[in-house]
Amino acid sequence: MSSKTEQREPEHVQTLGHEEYDPIGTAILIGIYFLILVLLWIFMYFVEFLGNGPTVVGMALTVVGLA
Amino acid sequence: MATSPPTEVTAMRNAYVDQFPDEARVIKAAFWSSFIALAIGGTLGLVQALHRTDVFRFIQSPDYYTVLTAHGVLLAITFTIFFLVGTFTWAVTTSLDRGVVDVRFTWAWYIMMVIGTVLVAIAIFSGFLESAPSVLGSELNADVLFTFYAPLEAHPIFYIGLVLFVVGSWLAGVDWFRTWLAWRSENPDERIPLPTFMVLTTTLFWYICTFGVALSILVFLLPWSLGITESVNPLLTRTLFWYFGHAVVYFWLMPAYMMWYIMLPKFSGGKLFSDPLARVVFVLFLLLSTPLGIHHQYLDPGIAEGYKFIAMTNTMFLLLPSLLTAFTVVASMEHGARQRGGEGYLGWLKALPWRNPIFTGMALAGLMFAAAGFSGMINAGMNINYLVHNTWWVVGHFHLTVGTAVALTFMAASYWFIPQLTGKELWNRSVALGQVLLWFIGMTFMSNAMHRSGLFGMPRRTAEPQYQGFDFEPAVGTVGEINMQVALGGVILTLSLALFLLNMIMTSIGDDSESIPDNTYAGTLSGAEDSPRILDNLKLWTAIAVVLVIIAYTLPLASIIDAGGLFGPGIEGVRLSTWVDPAVIESLGEVIR
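Chains A and B, in that order, give the protein sequences. My numbering applies: residue 1 is where the first sequence begins, and numbers increase by one. My numbering applies: residue 1 is where the second sequence begins, and numbers increase by one.
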């Protein structure tokens, strides 16, 4: 049987307008996400460069398709 | 306007089906078309997971590629786009507070898309027959995978079906624009409501990007498969496919983004943090979705590195709207949590409605998308892409994006949409909550294992990645353990899919209910009035988007045509001109045998 309670608007303890609301928790979460990204990039550095040697993209002439 | 305080059960029911009964029928049909594709395509996913990992093989390996094609096309094209057209029709009518101009036109494009899908499915599934019938002078099959570029060739019916499907989606766009124009003539000074703004910008880049695939099919692939032209330039059809092939990714993603922007804040108990920021994000997608497709071709010879570098730069720019979205959506959730009494730096997370399957499904989908952000950055990086190109890493990546960020959001949204469209209460919310959790767990197993196997070079699109005299060497764990994770993940995902479909069927055959919430979406903390009007200038953004496409694609396309010809040299024209030691050929032959 389905419950009806979840369909209702969640109870508000307070109403926060644009001026009173400061998304500090969001800033912390985004900060953690960036930290994870940096750590994963460092991990990929080990996988790519120390595992297989660097991939050479080429010099100026190759880049513009002339060589 | 429908942005009044959301989700209140009133004495007089005011669900979508009560407001727009005619449109509700078309949207319901579109959603069911989407669910049928999901059911078939998802089940075939399990077949693949078990076959590849050699856990259970009951099809012949050549048939694996038929399964793979059906899985890719049915899920990446049919499931996603049918759900999209339903969602967008809901969004336009709800936010403009008026019906479509002529619902017969709406039915016409829907039916056109269905006919297209049926033709495509007939062509693909004929691949399972021992001897497929000959139609239009060639054998019916289409084992060309979701990425249907040359040299793989499908039966003409496959291409005709695709054309009908895409033209149907174009007409859907016409329908939304017509409805908006009709609204604008009655409300000349109003800002475009946010959901409609999202629909229109997404439709515009869909027109831009599908131009490439239409060109590829109508000028090259279809005449080639009909025998009118003798050959094609494979690199040209590949490039035209990817011109469309990456933008289509954002086309799937935009309805999910829309749900995160206009529904997730509401279910969190709060408001959207910023309407202007949301508009900026959608404008950026309009500008940048298309001129970056070459990042799928980093390993293609025949495209100079410089063009690839431009594609990489555009791709990295496109991280911006996704990161803006991460901020805006999480800030909106936090707003809801704090209104519900949440406190502390991270303690507010506990105040979110985690028992609500709609909220939890969308929030978990967003979390998976954050993980996909990392693997996407690896794919996008030109040199590091070489490490993972054509490996199972890429498959792991898009099972996080389309397979979870999009699919899980759509399933969670269905728990809200289907009651709105039928006037019937959701059959079982506990099953729904279990379903979204199972999807998250199953995908965690499957996708992480796929990513890891890509790091040691396990290829994608291969029925039997088991080789004699060669073993993959994972840095951590074993190949057996990785395979088991994929198989287990596939089983859990299939179970989750079955529970979703069960809930949808039982809801649809249930009784009418008076307690369906009102058809509303989230209000905003900072509304459209806080944003410059130029954001609504669709002509300007479209013109800039077209210029960016011209800059990114003119020279690469000219160079590809110059080198390989417009219609050739064809696959017979590719010859190895370098001298190869006969002993090497002999040993290669040994390996193949």
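If you are wondering where the hints come from, they were derived from the structure by calculation, not from laboratory data. There could be a bad hint or two in this list.
As the list claims (entries may be wrong) - Here are some, though not all, of the chain A residues that point toward chain B, as calculated from beta-carbon distances under 8 angstroms:
1. Q14
2. I28
3. G31
4. M44
Where a beta carbon is used, it is the ideal one built from N, C-alpha and C, also for glycine.
Verification of the supplied hints:
Interface restraint check: A:Q14 against chain B, minimum CB-CB distance 6 angstroms, threshold 8 angstroms, status holds. Checking A:I28 against chain B: minimum C-beta separation of about 5 angstroms stays under 8 angstroms; hint holds. At about 11 angstroms, the closest approach between the beta carbon of A:G31 and any beta carbon in chain B exceeds 8 angstroms, and the interface hint on this residue is violated. Hint status for A:M44 relative to chain B: holds, with the closest Cβ pair at about 6 angstroms, below 8 angstroms.
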